[in-house]
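Visitor: Now for the letters of each chain:
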Amino acid sequence: MINIMYKTLIFRSLSRHKKKGRRLFVLMALCSATIILLLSFKEDFKRQSEEQLVQLRYGHLEIVPPDSPLAQKNLITPPTENLSFINFDKDFDIWLRSLPEVAEASPSITRYGIAYSLGGETESWLALLAVDAKRLASLLPLTKALEGSDDISWTEGEDVPILRATPYSIFGSYTENPDIFYRYQLRANDEGLPQFFSEISKDFPKIFISPPYQNAADDWNRFLTEWNAFLIKEDVHEWLDEIPDYFFEDYDWKLDDALWELRENTNFKRKPFLKKKVFQALYPNDIVDLWEPVYVGKQVTLQLPLINATEVIALPVAVNAVYTGFCAVDPLYQEVSFMDINAFRYYMGLKENEATEYIVRLHKSSDVEKIKAVIEDKLLEMGSDAKVVDWKHLGEMQMTTATAFTFVIGLLIGLFIIIVLIFTVNLVLISLLQRKKEIGTGLAMGLSTGQTTLLMSAEVGLIAFVSCLLGSVFALVLVVLFSKIGIPGMVFFASGKVFLQFRLYPFIMAFLILVPSTMLVSFIPLSQLNEKMPVDFFKEGK
Amino acid sequence: MKLALQIAFRNISSHKRKNRIIFAVTTVLSFFMFLFLAFSDGEIENIKNGVSSFYRPHWDLRVFTKEFIRLDDRGENPWEETILNADELKKDLLAFPEIKEVISYVPANNVSLFINGKKYLYFSPIAVEKNDSFIQSKYEIVEGNTELISEKNTISLHYMMKKLIGAKIGDEISIVGDTIFDQVTMAKVRVSSFYKPYFDNPNLASSFLMPFEDLQNYVGYEQNEAPYLIIRLQPKVNPEKMQKQLISWAEDTNKELRFFTQKTSSRQDQWAMIYGMIRYIIIAMTLITFFIAAFGMMNVVSVNLLERAKEIGTYYCLGCEKPFLMAVYTIEIFLVNMIGGIAGILLGQGARLIVNALKITSEEPGFQIVVGSSVFYLGSSLSTVVWIIGGLAIITILTSLSTLGKALKVSPVVAVQELN
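One line per chain: the protein sequences are A and B, in this order.
Under the working numbering, the first residue of the first sequence carries the number 1, and numbering increases by one thereafter.
Under the working numbering, the first residue of the second sequence carries the number 1, and numbering increases by one thereafter.
Honestly, the hints are just simulated from the structure, not real lab data.
The beta-carbon is built from N, C-alpha and C at its ideal position, and this holds for glycine as well.
Don't take every hint at face value.
Stated by the list, open to error - Some, not all, of what chain B presents toward chain A, calculated at C-beta under 8 angstroms: (1) Val25; (2) Val28; (3) Ile274; (4) Tyr280; (5) Met285; (6) Ile288; (7) Thr289; (8) Val300; (9) Ser302.
Unchecked claim - Capping the alpha-carbon separation at 25 angstroms, the derived lysine-lysine pairs in BS3-like fashion look like this: (10) Lys436(A) with Lys18(B); (11) Lys73(A) with Lys168(B); (12) Lys437(A) with Lys18(B); (13) Lys255(B) with Lys66(B); (14) Lys16(B) with Lys436(A); (15) Lys91(B) with Lys66(B); (16) Lys163(B) with Lys387(A); (17) Lys196(B) with Lys73(A); (18) Lys351(A) with Lys134(A); (19) Lys163(B) with Lys392(A); (20) Lys351(A) with Lys118(B); (21) Lys118(B) with Lys387(A); (22) Lys168(B) with Lys188(B).
The task is simple: from the sequences and hints, build the whole structure.
Guide: Quick look at the structure:
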């Protein structure tokens with residue numbers, strides 16, 4: 001009976017004063033939606049950071065030699081050129097991979113190399129991770145090729161396939177098509193271009209078929225289209241015979257080199273670039289020095305430093321390699337390229353089971369501690385002094401960003417709650433003033449101050465609850481939207497975005513935070529009721 | 001306008017209680033906003049004073065040869081293109097009274113250190129010139145030869161290397177790396193000291209200091225050449241004006257040089273850019289907060305004005321027009337917001353001073369990555385204050401637009417009605 005009376009009074013008051021409560025309702029709805037979004041953002045930022053670490057580089061666990069820099073407490077320990085190895089037999093490999101919690105495990109070797117273009121110039125420094133080619137996709141799923149293939153299986157006698165870190169920086173991609181000329185590759189400004197046009201079209205009338213090219217603005221596209229169309233044509237020898245004789249009057253080693261490289265080249269893919277190099281050698285004052293860009297299918301000479309050199313400087317091992325594809329990279333930390341561990345062992349003269357670490361990826365992150373203990377027991381049983389380190393230790397630096405965001409978001413949520421609570425106190429105070437006759441009547445009719453306080457705070461609670469419901473619906477729509485398109489501007493991730501996922505926890509938290517806290521603070525202004533007599537509420541003035 | 005301002009001030013003092021809530025909210029809001037942005041300012045300041053000051057030391061102007069810029073613009077390797085008479089050019093530049101320091105710059109390549117039979121990878125040498133007061137103010141020597149610049153053929157290692165690679169004072173080290181011509185190069189040096197940056201960062205742990213001439217020689221430059229020069233100006237000298245002066249000086253003396261100020265340089269500080277992006281994310285978050293606070297503010301103002309119907313009615317009776325009253329109440333809201341905002345900023349400044357006085361430091365790499373250096377520092381910038389004041393101004397406009405139109409629709413009769 002009393003319950004029915006409470007319900008009637010609450011709903012009647014709410015419907016009568018709906019205009020006054022409307023803004024608080026919308027404010028709370030917005031606030032709850034923001035809290036849900038921020039909590040979702042925090043969780044997904046952490047999740048994506050973990051995924052990037054685990055699925056792109058480290059796995060959940062790594063088994064490493066005791067003197068490995070990865071086993072040290074301080075991760076800024078510089079790595080050494082001489083590597084220490086762990087050496088586990090096939091039985092260990094079978095045992096490890098048979099654990100139901102283990103998704104995949106593989107021995108691996110961390111090394112660096114320097115890639116040289118076939119023309120001889122240094123292309124790039126590469127951080128390499130050599131793993132079992134067949135296990136790469138299941139061990140580190142985020143290494144899936146973004147361009148080209150992620151198959152790094154190597155066959156003896158063939159070029160070693162490298163799944164290369166995408167040439168990318170947080171400020172944008174710097175790859176370019178090697179098969180065409182770009183405007184920046186010509187030295188002349190717009191005024192100087194027509195002279196180059198006329199010179200080159202006179203020398204090569206079969207390539208530039210529609211002269212004259214008189215001005216840069218109008219004729220550039222036509223000129224470039226004809227030039228680039230020639231570059232991708234297959235004929236080479238015929239064209240070389242058409243180079244005017246005056247180019248050979250004085251010996252030029254650069255031209256000689258460029259012609260030799262083009263004639264000897266058997267790689268169809270490199271032909272357009274090598275033709276460009278011949279043009280550069282023919283017109284060195286008009287065309288800038290050309291660096292062979294990074295592209296899928298590019299052949300390189302990979303220089304690997306010796307594993308156990310005792311000299312200060314030792315000759316490296318040269319490996320013929322090819323970029324089979326491009327994979328994602330951690331934009332703020334070291335980008336890693338992948339190769340077949342068998343190829344690495346072959347070229348570096350390593351034994352069959354030698355590896356610098358064993359990478360283990362689990363089905364669930366929650367099993368890390370358990371499996372770590374299981375592996376440590378097994379290592380003890382085997383008499384091995386290898387150490388097991390988890391992804392939290394390995395990715396300590398990378399995960400600090402997620403920790404910082406957790407802290408900032410926690411503060412923001414606190415700020416939102418403070419704002420909502422201040423406004424709630426204000427609204428209840430105003431209600432007390434505006435509804436004083438209604439309150440006084442209630443008290444005169446026999447309601448106690450406690451019951452009145454309960455009724456009014458229940459009203460606030462009900463507004464908070466319903467606004468949280470509305471906020472949840474709004475937040476749900478945004479979560480679904482951002483799960484599809486992602487939140488942009490996130491330079492920390494390979495995709496540049498954070499993709500939200502639906503989870504119940506932020507929704508529950510929004511309710512648990514807002515409803516009780518608003519109800520509780522409403523008691524502050526309502527406590528004034530205890531000091532008043534019913535007659536006080538009928539006096540004029542405020 | 002003056003009258004509107006006067007009435008607005010009088011209204012604020014006579015409705016103190018009602019405005020208190022707005023004041024409280026804007027104070028809390030601007031206090032937190034200030035702290036968020038002060039954290040971001042501190043990060044950027046830490047980076048500038050720490051890792052950037054070693055790898056990209058402060059400069060007001062940079063001097064390149066025209067050919068260096070031409071090659072750089074076209075993506076060609078510019079590092080072999082140098083200023084050949086660097087010492088004479090330095091003397092010429094120092095003749096300008098506006099110029100305080102001229103320093104030669106040598107790029108730091110990746111090198112390996114061979115010590116105690118082990119070769120450690122990924123170290124970076126940093127050149128310290130004798131007259132470079134800026135870089136010398138960024139570190140202290142914690143062990144060994146206390147001179148800030150190492151002697152010839154000696155280096156100063158980061159103090160962490162004592163523990164991490166077991167280096168000791170007097171150890172002989174071979175440095176192995178590449179010259180600017182891509183040839184392998186090696187130098188034998190001794191450890192003369194260990195240095196500690198005042199604003200440390202994990203990126204500095206593998207950096208070591210060596211005399212400028214040693215590094216110049218090591219990477220393949222002649223003694224009197226440098227890829228570019230760094231100019232630091234006397235206080236209060238405008239770099240843009242100085243740039244113009246130097247350009248005409250170079251033209252008059254037939255010098256093939258180009259001068260760049262911070263504003264005109266295309267070479268950006270990567271660290272500063274990363275922390276700059278983090279600042280943008282923080283600013284985006286403060287925007288959401290401003291929006292939500294604006295909504296709450298509208299609620300309070302609209303209820304306040306509802307209660308002040310009699311006062312509004314009186315103004316109408318006295319012949320006031322609606323636009324005038326719009327101005328009066330907008331000024332009132334703006335002033336209350338501003339007072340709250342300024343109070344919040346002052347409180348934030350107080351909190352900032354207290355936090356900075358605590359001198360919170362850590363050797364943890366994670367901590368150093370988050371705050372930008374080994375020192376937790378809350379910074380302060382004009383942009384932070386402008387952003388907060390601007391945000392509050394936007395809140396004022398939103399509040400006025402959404403509430404005043406309706407609230408001012410009051411009949412003059414209300415002024416003489418009895419209170420209900």
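Visitor: A separate judgement is required for each hint: does it hold in the structure or not?
Guide: Status of the hints after comparison with the structure:
1. Val25: Result: holds, 5 angstroms to nearest chain A Cβ.
2. Val28: Status holds, d = 6 angstroms.
3. Ile274: holds, 7 angstroms
4. Tyr280: holds, 7 angstroms
5. Met285: holds, 6 angstroms
6. Ile288: Cβ of Ile288(B) sits 6 angstroms from chain A, so the hint holds.
7. Thr289: At about 6 angstroms, which falls below the 8 angstroms cut-off, the nearest Cβ of chain A leaves the hint on Thr289(B) intact, so it holds.
8. Val300: Since chain A brings a Cβ to about 6 angstroms from Val300(B), closer than 8 angstroms, the hint holds.
9. Ser302: Ser302(B) check passes; min Cβ-Cβ to chain A is 7 angstroms, inside 8 angstroms.
10. Lys436(A) with Lys18(B): Within the cut-off at roughly 18 angstroms; holds.
11. Lys73(A) with Lys168(B): Holds: Lys73(A) and Lys168(B) sit about 21 angstroms apart, inside 25 angstroms.
12. Lys437(A) with Lys18(B): Holds. Lys437(A) to Lys18(B) sits at ~21 angstroms (cutoff 25 angstroms).
13. Lys255(B) with Lys66(B): Status holds; Cα separation ~9 angstroms.
14. Lys16(B) with Lys436(A): holds, 22 angstroms
15. Lys91(B) with Lys66(B): holds, 20 angstroms
16. Lys163(B) with Lys387(A): holds, 21 angstroms
17. Lys196(B) with Lys73(A): holds, 20 angstroms
18. Lys351(A) with Lys134(A): holds, 19 angstroms
19. Lys163(B) with Lys392(A): holds, 23 angstroms
20. Lys351(A) with Lys118(B): Judged against 25 angstroms, a Cα distance of about 22 angstroms means the pair holds.
21. Lys118(B) with Lys387(A): The hint holds at about 22 angstroms.
22. Lys168(B) with Lys188(B): Between Lys168(B) and Lys188(B) the Cα gap is close to 15 angstroms, so the pair holds against 25 angstroms.
Hint compliance for this structure: no hint is broken.
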